[in-house]
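Novice: These protein sequences, in sequence, are chains A and B. Read in order, the letters of the first sequence correspond to residues 0 to 523 in numbering that gives the first Met the number 0. Read in order, the letters of the second sequence correspond to residues 0 to 289 in numbering that gives the first Met the number 0.
Honestly, the hints are just simulated from the structure, not real lab data. Fair warning: this is a prediction, and the values are worked out from it, not measured in the lab. Be aware that a few hints might be false.
What follows is a list of derived Cβ distance ranges for each label pair [to be verified]: (1) D219(B) - K452(A): 45 to 51 Å; (2) K452(A) - V134(B): 55 to 61 Å; (3) D219(B) - R503(A): 32 to 38 Å; (4) S66(B) - G488(A): 47 to 53 Å; (5) G135(B) - E59(A): 32 to 38 Å; (6) G151(B) - H63(A): 56 to 62 Å; (7) G75(B) - K394(A): 29 to 35 Å; (8) G283(A) - P146(B): 53 to 59 Å.
Quick list of in silico lysine to any residue cross-link-like pairs, SDA-like style, CA-CA up to 20 Å [unchecked claim]: (9) K132(B) - S360(A); (10) K101(B) - V33(B); (11) K132(B) - Q96(A); (12) K299(A) - S66(B); (13) K299(A) - D40(B); (14) K132(B) - D105(A); (15) K299(A) - V233(B); (16) K221(B) - P76(A); (17) K221(B) - K259(A); (18) K132(B) - Y103(A); (19) K299(A) - D327(A); (20) K132(B) - D114(A); (21) K299(A) - Y32(B); (22) K221(B) - L66(A); (23) K394(A) - S150(B); (24) K299(A) - P252(B); (25) K221(B) - E415(A); (26) K221(B) - R414(A); (27) K132(B) - N108(A); (28) K54(B) - A303(A).
The beta carbon of each residue, even a glycine, is placed where N, CA and C say it ideally should be.
Each chain is listed here by its residues.
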Amino acid sequence: MRSSKWLSLICVLILTVGTIAACSSGSSNNQNDQSSKQSQQQNSTSNQAGNGQQAAPADEKPFHITLAVSQVDEIPPQDSEIQLAIQEYTNTTLDIQWIPGSAYADKINVMIAADEMPMAMRVTYTPAIISSIQSGLFWEIGPYLDQFPNLSAQNPQYYENIKVDGKLYGIPQYRDIGRAALIFRKDWLEKLGMNVPKTVDEYYNVARAMVSDDPDGDGQNNTYGFLLHKNFFSGSAAASTRLAVSLGAPNKWAVDENGKFTPEFEHPVHLEVLKMFRKLYQEGAINQDFAAVDESEVLKIFDASRAGLRVAVAQNAGSMQSRVLQTDPNAVFDVEPLTGPMGIRVSGELGNNGFFVFPKSKVKTEEDLLKILTFFDKLLDEDMNTLQRRGILNKHYEETADGKHKWLDFDLFQREVKPYRDMLLNMEGYKILPLQDTPIAEKAQKIAEDNTKYTVPNPALTLTSPTYSERGGELDQLMTDAMIKFVMGNIDEAGYQAEIQKWRSMGGDKIIQEYEAEYAKMGK
Amino acid sequence: MVQDKTLSNRIVDYINYFLLLVFGLAAVLPFVYVIAVSFTDPVEVAKGGIILFPKKFSLAAYEYIFSTNVLLRSLGVSIYITVVGTIINLVFTSLMAYPLAKTYLRGRQLILMGVLFTMLFSGGLIPTYFVVKAVGLTNTLWSLMIPSAISGFNLIVLKNFFQSIPEGLEDSAKIDGCNDFGVLLRIVIPLSMPAMATFALFYAVGHWNTFFSAIIYINDNKLWPVQVLLREVVIMAQSRIGDTEMDEAMIQPLTIRMAVIVFATLPILLVYPFLQKHFAKGVLLGSVKG
Numbered sequence: 000m001r002s003s004k005w006l007s008l009i010c011v012l013i014l015t016v017g018t019i020a021a022c023s024s025g026s027s028n029n030q031n032d033q034s035s036k037q038s039q040q041q042n043s044t045s046n047q048a049g050n051g052q053q054a055a056p057a058d059e060k061p062f063h064i065t066l067a068v069s070q071v072d073e074i075p076p077q078d079s080e081i082q083l084a085i086q087e088y089t090n091t092t093l094d095i096q097w098i099p100g101s102a103y104a105d106k107i108n109v110m111i112a113a114d115e116m117p118m119a120m121r122v123t124y125t126p127a128i129i130s131s132i133q134s135g136l137f138w139e140i141g142p143y144l145d146q147f148p149n150l151s152a153q154n155p156q157y158y159e160n161i162k163v164d165g166k167l168y169g170i171p172q173y174r175d176i177g178r179a180a181l182i183f184r185k186d187w188l189e190k191l192g193m194n195v196p197k198t199v200d201e202y203y204n205v206a207r208a209m210v211s212d213d214p215d216g217d218g219q220n221n222t223y224g225f226l227l228h229k230n231f232f233s234g235s236a237a238a239s240t241r242l243a244v245s246l247g248a249p250n251k252w253a254v255d256e257n258g259k260f261t262p263e264f265e266h267p268v269h270l271e272v273l274k275m276f277r278k279l280y281q282e283g284a285i286n287q288d289f290a291a292v293d294e295s296e297v298l299k300i301f302d303a304s305r306a307g308l309r310v311a312v313a314q315n316a317g318s319m320q321s322r323v324l325q326t327d328p329n330a331v332f333d334v335e336p337l338t339g340p341m342g343i344r345v346s347g348e349l350g351n352n353g354f355f356v357f358p359k360s361k362v363k364t365e366e367d368l369l370k371i372l373t374f375f376d377k378l379l380d381e382d383m384n385t386l387q388r389r390g391i392l393n394k395h396y397e398e399t400a401d402g403k404h405k406w407l408d409f410d411l412f413q414r415e416v417k418p419y420r421d422m423l424l425n426m427e428g429y430k431i432l433p434l435q436d437t438p439i440a441e442k443a444q445k446i447a448e449d450n451t452k453y454t455v456p457n458p459a460l461t462l463t464s465p466t467y468s469e470r471g472g473e474l475d476q477l478m479t480d481a482m483i484k485f486v487m488g489n490i491d492e493a494g495y496q497a498e499i500q501k502w503r504s505m506g507g508d509k510i511i512q513e514y515e516a517e518y519a520k521m522g523k
Numbered sequence: 000m001v002q003d004k005t006l007s008n009r010i011v012d013y014i015n016y017f018l019l020l021v022f023g024l025a026a027v028l029p030f031v032y033v034i035a036v037s038f039t040d041p042v043e044v045a046k047g048g049i050i051l052f053p054k055k056f057s058l059a060a061y062e063y064i065f066s067t068n069v070l071l072r073s074l075g076v077s078i079y080i081t082v083v084g085t086i087i088n089l090v091f092t093s094l095m096a097y098p099l100a101k102t103y104l105r106g107r108q109l110i111l112m113g114v115l116f117t118m119l120f121s122g123g124l125i126p127t128y129f130v131v132k133a134v135g136l137t138n139t140l141w142s143l144m145i146p147s148a149i150s151g152f153n154l155i156v157l158k159n160f161f162q163s164i165p166e167g168l169e170d171s172a173k174i175d176g177c178n179d180f181g182v183l184l185r186i187v188i189p190l191s192m193p194a195m196a197t198f199a200l201f202y203a204v205g206h207w208n209t210f211f212s213a214i215i216y217i218n219d220n221k222l223w224p225v226q227v228l229l230r231e232v233v234i235m236a237q238s239r240i241g242d243t244e245m246d247e248a249m250i251q252p253l254t255i256r257m258a259v260i261v262f263a264t265l266p267i268l269l270v271y272p273f274l275q276k277h278f279a280k281g282v283l284l285g286s287v288k289g
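Based on the provided sequences and hints, a complete structural model is requested.
Specialist: Structure follows, in structure tokens:
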């Protein structure tokens, strides 16, 4: 009797579980229902964008586009106001798949291998993607670009930075190329009677003074100038590179007129910068535990009004200022372009946060490709650009009397609109009214826009080096560790040079050769 | 005979108490911090410092995370795959371990070799994905429960456990008219309760922590378990600083991250004590004598 009770229990469980499974596998059907519901909504009256766009004429059905992008904070629903407005304006129905950043690269690889790609897929410029592109999976869109007014109006450098073998296969998610700037405590500089530093020695003096001369006047030695952290020397946007470039060093790689490549750390200015940090560290003017600390930890010290010099993205200035006011209502941050003995020099960055590629297996005809490119082009029209960067008029922002935009509900914008802004195509300063913000944020924005004239590009950005794809991570880590050890005083200059030699023999030399060969092939 | 505690005994005792206290605190304090921060007013937290007790009590973080039903839904998904997944695990693992425990089974060595092989080598992410896709499990919750239904390690341990049950018991059950299924259900499994409880716990925790498979196999974000959300809110928020994102102002305040952590850990924390009594009991029970 007991065994039949067990058996019946198991059967009941299987039945319930089976029914639930039927419901969950029915969810993919739900998605199709949803998109057909949306296109019905499309054709009925719905004027949410308020710009008077009527429903599409009866003979032009909305074009369905599937997209895969990286998840940004919370995922907005498929029928969010913003998405509906975009669909209405561009006459499309969108099916956006948001992929979490934590397993993004793996997921994209799986999607490519299993041919489960959407029509437009956001990828990043990594060796795996580059080889997928080279194997011909995606449309080359370079020749089509001039059919689209907005896309072709952007700075060509954006497209240069994502070319593979000299050809363009995607549309970048535009980010400022010259956004690095110096953010510093203006009130402290005034109290110390010093100017914005422009040479290595001046940086040293200012950083030193901020530590020992009590710039906040509270009688305690609790302030810092520079604050380092464990990622200060690593990555394509390393703060050390940004600083060194402004003072004369190359942006990651230098190429001379004979096509010879030299890495940045073999340039004397870069070494000067490291030596300055080393001296500051020895004198206790740098946080002694920096090698173990995340940048977020370091930011807290800025927020607590106890640090004064930061090399970062210019637009951070606005948020840093508003955060520090919570602790110290008299604190004043300022932002200036990074200037050195040769004037303003800003390390050119990637110019993108990924780019969209269009798989040939899902975008079957040239006609479809053109429709997708039209969609992206329309995203840069004034209405769409404003929608993505400001949200909805009188809900997230309002227009001021002098023709600017002002935030009404920034937090709501962050929740509802930011995912679209970060993942789709839009551009601050292009076909959009300027944002009225705190003076420092407006200044920062202007600096980021102006800096495009002063950028120093990384000549190796689009060159492929098999050795770098294989061992680049290891080699970069080697050099980062060497720099950190040098700054901390664990190795001396001879030791540091020995590390560079090690880098060379472990693969650095091969990388240089490969870059030089590629460079020569480009015929530049 | 109770000995009077000599001085040296007492000192050793106190040192023990002290060390245990230190280790205990070291384990508990971070968790107390997480809970305390999640209940503190965000402005207080921004000022920095260590908070062990909310200076200013506030439910703001919890209001925020419950303002959409995303978190609750993912909790539902997590509970579902943990409960159903663990049941599937236990049923299939014991169904496979029991025959393998019989030494007279034909082909037994071969099957065990096969199991061992899978423990050492794995197909890799993409081939596994193809298999799951071919069976039609992608984008369903089954992809998280069926491919991992039997863990090789647990299988072998359970098989050994079954082998240690004296044959005499099974024989006497057979004489009384039980068939193989009956022996399994009525004799062997009840005797293996401590082992079953232990495996239930291992499997349950494994299911509760699912996040990578969920991202790879499931595209529908309504079906994501709570760990995926947790990772996004806590870790990605931190690593996004200094990245190419334009605006860093959207880093979730510490209170919200802590609230999500508490929310994601609480259920499993509540389940632990109930299962613990089962396998603690089992460890003490000897096997049948004679």
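Novice: Check whether the Cα positions of K132(B) and D105(A) lie no farther apart than 20 Å.
Specialist: Between K132(B) and D105(A) the Cα gap is close to 16 Å, so the pair holds against 20 Å.
Novice: Going straight from one Cα to the other, do K221(B) and K259(A) come out at no more than 20 Å?
Specialist: Violated. K221(B) to K259(A) sits at ~53 Å, over the 20 Å cutoff.
Novice: Mind checking the alpha carbons of K299(A) and Y32(B) for me, to see if they're no more than 20 Å apart?
Specialist: With Cα atoms ~18 Å apart, K299(A) and Y32(B) stay inside 20 Å; holds.
Novice: Has the given pair, K221(B) with R414(A), been kept, meaning a C-alpha gap of at most 20 Å?
Specialist: Since the Cα atoms of K221(B) and R414(A) sit roughly 18 Å apart, the hinted pair holds (cutoff 20 Å).
Novice: May I ask you to test the hint 45 to 51 Å on the CB atoms belonging to D219(B) and K452(A)?
Specialist: holds, 46 Å
Novice: Next pair to validate is K299(A) with P252(B); report whether the Cα-Cα distance is within 20 Å.
Specialist: holds, 12 Å
Novice: Taking only the CA atoms, is the gap from K132(B) to D114(A) under or equal to 20 Å?
Specialist: holds, 11 Å
Novice: How does the Cβ-Cβ distance of G151(B) and H63(A) compare with 56 to 62 Å: does it lie in that range?
Specialist: At roughly 44 Å between Cβ atoms, H63(A) and G151(B) fall outside 56 to 62 Å, so the hint is violated.
Novice: With the threshold set at 20 Å, check whether the alpha-carbon distance from K132(B) to N108(A) stays at or below it.
Specialist: Distance of about 15 Å is within 20 Å: holds.
Novice: Taking only the CA atoms, is the gap from K221(B) to E415(A) under or equal to 20 Å?
Specialist: Holds, at roughly 18 Å.
Novice: Please work out if K221(B) and P76(A) have their alpha carbons no farther apart than 20 Å.
Specialist: Status holds; Cα separation ~10 Å.
Novice: Does the Cβ-Cβ separation between G283(A) and P146(B) fall within 53 to 59 Å?
Specialist: Once the Cβ atoms are compared, 55 Å apart, the range 53 to 59 Å for P146(B) and G283(A) holds.
When each numbered hint is compared with the structure, violations occur for hints 3, 6, 10, 12, 17 and 23.
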